[in-house]
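K.L.:
Given next are the chains, with one letter for each unit.
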Amino acid sequence: MTDRYSAWRLLREGVRSAPTWQPAWRKQTAPDSHYDAVVVGGGGHGLATAYYLAKNHGMRRVALVEKGWLGGGNTGRNTTAVRSNYFFPESVALYDLALRLYEGLSDELNYNVMLSQRGMLIAAHTPMQMEICTRIANAMRLNGVDGDLMTRGQALKRLPLLNRTADARYHCQGGIWQGRAGVARHDAVAWGYARAASALGVDIIENCTVTGLDVTDGAVSGVQTTRGAIRTERVGIAAAGATPGLAALVDVALPIHTYALQAFVSEPVKPCLDTVLLYLGTGTYVSQSDKGELVFGGGLDRVPTHGQRGNLPVQQVVVSGLLEMFPTFAQLKLLRQWAGVVDVVPDSSPIIGPVGPRGLFINCGWGTGGFKAIPAGGWLLAHLLATGEHHAISRPFDLDRFTTGRLIDEAAGSGIAH
Amino acid sequence: MQRFLCPFCGERDETEFHFGAEAGRHRPEPADRVDADAWYRYLHAQAAPRGPAREVWVHLSCGEFFLMERDTVTREVLGSSALPGREP
Ligand SMILES: Cc1cc2nc3c(=O)[nH]c(=O)nc-3n(C[C@H](O)[C@H](O)[C@H](O)COP(=O)(O)OP(=O)(O)OC[C@H]3O[C@@H](n4cnc5c(N)ncnc54)[C@H](O)[C@@H]3O)c2cc1C
Ligand SMILES: [Zn+2]
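Residue numbers (the numbering used here), protein chains in the order written: chain A, 1 to 418; chain B, 1 to 88.
One or more hints might be untrue.
[As the list claims (entries may be wrong)] Covered stretches of chain A, going by a simulated chain B footprint (3 or more residues, C-beta under 8 Å):
no.	stretch
1	297–304
2	308–314
[Claimed, not checked] Simulated DEER-style distance windows between Cβ atoms:
no.	chain 1	residue 1	chain 2	residue 2	range
3	A	Val250	B	Tyr42	14 to 22 Å
4	B	Arg33	A	Arg60	28 to 36 Å
5	A	Leu156	B	Pro30	56 to 64 Å
6	B	Met1	A	Thr328	25 to 33 Å
7	B	Arg33	A	Gly218	21 to 29 Å
8	A	Glu131	B	Gly63	50 to 58 Å
9	B	Val58	A	Ala166	33 to 41 Å
Calculated directly from the structure, the hints in this document are not laboratory data. Where is the CB? At the ideal position from N, CA and C, for every residue including glycine.
Make a model of the complete structure from these sequences and hints.
P.N.:
What follows is the structure, encoded as structure tokens:
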């Protein structure tokens with residue numbers, strides 16, 4: 001029932017007087033009364049979870065419920081950078097599983113997620129920062145992913161418009177290069193997973209908010225939604241900034257603060273930047289979209305919030321960072337600005353694992369950087385839901401690290417960059 | 001730019017302030033008999049409320065910590081007061 005996309009198909013539909021394209025996924029308006037598993041949250045992580053439940057574990061009676069529309073949360077609001085240049089082995093195992101899955105995703109889903117591995121430079125401007133970059137590049141190599149140290153000359157060649165005038169505040173010294181990093185089209189990732197999950201029988205129910213979790217004898221027995229109750233023994237929550245509120249329904253308090261994170265888009269211009277750049281000096285990162293827009297962002301807003309809009313002070317810092325790096329971009333008009341509510345954990349690593357009653361699992365805490373992790377987050381939450389047990393890669397990210405003290409402090413290890 | 005209210009200095013730009021913690025957390029005692037789970041709840045567990053929140057903030061300019069009530073969705077400041085024993 002799902003269309004197979006191909007060049008031949010495109011040609012055929014193009015010349016037909018009445019094309020026969022079908023909707024990409026079945027629009028389920030009401031949930032059935034019982035499912036083998038319910039996934040809460042139709043962002044990338046929830047959709048990937050639903051897909052891998054069906055694909056890897058053969059589960060067909062699966063519902064995905066989403067409060068608004070698919071990809072309306074952070075998945076549709078991010079700046080689309082994908083990479084696996086982290087510091088700790090646990091993190092690299094996680095993010096590189098994601099990157100490897102991304103590398104085959106368009107083929108697997110028969111949906112173009114526009115993965116563009118144009119490489120990413122984390123640029124340094126002091127000898128001390130170069131030492132830190134050397135340390136991270138070494139860690140990446142020890143962890144078995146592609147990490148290289150880039151010299152100033154190589155960086156300037158790659159970034160011809162970068163500010164190199166004598167009065168520049170930050171003189172680029174080079175930095176860490178990951179060639180397999182890049183960008184992917186965020187909406188396509190959500191839609192591609194939705195389409196593939198739907199084709200395997202998953203029910204996708206939008207405009208359906210989870211309002212309660214039913215617990216019987218210490219185990220999950222169902223969810224309450226704005227479209228009625230659903231009986232199920234397995235629930236996976238992948239609701240980003242809304243996860244603390246959902247966990248509170250079963251008296252679980254998570255180590256999560258919610259902050260707004262902003263993104264900005266300029267008017268489109270001709271190709272002028274063919275890599276993803278993060279500058280340690282300014283904290284601003286930027287890439288150019290396939291349409292020609294400059295897509296950029298920076299650090300978190302400093303005021304905890306659930307409101308999906310940014311604030312002016314951080315906007316000024318981010319924009320001035322961009323102009324410090326590329327003075328010539330000052331001529332561009334800023335077209336759009338928006339924010340997402342991100343779920344920030346003290347060690348800047350996600351939380352994946354069981355919480356509260358039996359049968360309840362969470363995937364959250366991705367904070368400012370979970371787009372790149374979507375295939376892995378879905379793979380691992382599906383594994384937990386289907387088997388009840390951790391996958392070896394998700395085990396270190398269990399909530400219990402906050403009682404044992406075995407944190408995976410990527411904020412200290414690799415610095416935060418989306 | 002939002003304006004926050006320091007009970008000691010009055011209304012100032014938000015950039016002068018730093019979020020400290022959710023209000024109402026008390027260090028569990030005696031420390032040597034506190035189990036790991038209680039430390040978790042004290043050190044890490046957050047309510048991250050949607051809507052009205054009571055929080056401890058610091059006004060960086062004067063260095064005073066104080067209580068602020070805010071709505072975390074609308075960002076409206078509902079009030080602020082000095083911590084007990086620190087009245088201006
Ligand atoms: C501005 C910005 C830039 C970013 N840049 C990058 C980047 O370049 N690279 C990167 O890797 N990451 C980036 N991120 C982070 C990344 O976007 C997120 O970590 C990721 O999208 C999280 O995906 P998710 O599926 O967990 O959450 P979301 O996409 O937020 O999905 C959660 C869904 O749950 C739904 N939901 C909530 N409550 C309920 C309920 N009660 N019932 C039903 N549904 C509910 C929401 O409506 C939402 O659709 C950025 C984020 C932002 C905001
Ligand atoms: Zn003050």
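K.L.:
Given the range 14 to 22 Å, decide if the beta-carbon distance of A/Val250 to B/Tyr42 lies inside it.
P.N.:
Roughly 21 Å apart at Cβ, these two residues keep to the hinted range, so it holds.
K.L.:
Do the Cβ positions of B/Met1 and A/Thr328 conform to the proposed distance bound of 25 to 33 Å?
P.N.:
The hinted range 25 to 33 Å holds for B/Met1 and A/Thr328, with Cβ atoms some 28 Å apart.
K.L.:
Cβ-Cβ distance between A/Leu156 and B/Pro30: within 56 to 64 Å?
P.N.:
Given about 59 Å between the Cβ atoms, the range holds.
K.L.:
Take a look at whether the Cβ-Cβ distance between A/Glu131 and B/Gly63 falls inside 50 to 58 Å.
P.N.:
violated (34 Å)
K.L.:
Can the stretch 297–304 of chain A be counted as covered by chain B under the rule of three residues or more with Cβ-Cβ separation shorter than 8 Å?
P.N.:
holds (count 3)
K.L.:
If you count the residues of the stretch 308–314 of chain A with a beta-carbon closer than 8 Å to a beta-carbon of chain B, do you get 3 or more?
P.N.:
Since three or more residues must qualify, the claim that chain B covers the stretch 308–314 of chain A holds, with 3 doing so at under 8 Å.
K.L.:
Can you let me know if the beta-carbon spacing of B/Arg33 and A/Gly218 is within 21 to 29 Å?
P.N.:
holds (28 Å)
K.L.:
Has the hinted range 33 to 41 Å been met by the Cβ atoms of B/Val58 and A/Ala166?
P.N.:
holds (39 Å)
K.L.:
So does B/Arg33 sit 28 to 36 Å from A/Arg60, Cβ to Cβ?
P.N.:
Taking Cβ atoms as reference, B/Arg33 and A/Arg60 lie about 51 Å apart, which means the hint is violated.
Hints 4, 8 from the list above are not met by this structure, while the remaining hints are.
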